[in-house]
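For the sequence shown, the numbering used here assigns the number 1 to the initial residue and increments by one for each residue that follows.
Simulated from the structure, these hints should not be mistaken for lab results. Honestly, I wouldn't trust all of these hints.
[As the list claims (entries may be wrong)] Dumping the calculated DMTMM-like pairs for lysine to aspartate or glutamate here, alpha-carbon to alpha-carbon at most 20 Å: (1) K29 to D7; (2) K28 to E46; (3) K28 to E49; (4) K29 to D11; (5) K28 to D7; (6) K29 to E5.
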Amino acid sequence: MAHAELDNRIDGADSLSGPDELALRRLKKQRLVLRDQIAQLEAMLEPPEPA
1 MAHAELDNRI
11 DGADSLSGPD
21 ELALRRLKKQ
31 RLVLRDQIAQ
41 LEAMLEPPEP
51 A
C-alpha cells in the first residue's frame, strides 16, 4: 500500500507545473527501497528450488 501511495504522489508531483526535483527524487528513491523490500519478502515466501 505504501508503494502505491508513493506512486500516486510521484504521479501528482509530475503533473504539477515546475515540480520540486529534489522532492521528486526523494519520493522515487523511497519507492525503490520499498520495491526492494517487497522483492525480499516475496523471495522469503517462495520455496527454494531443488538442487
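Results of checking the hints against the structure:
no.	hint	result
1	K29 to D7	11 Å, holds
2	K28 to E46	27 Å, violated
3	K28 to E49	33 Å, violated
4	K29 to D11	14 Å, holds
5	K28 to D7	8 Å, holds
6	K29 to E5	14 Å, holds
Figure legend: structure checked against the earlier numbered hints; hints not met, in rising order: 2, 3.
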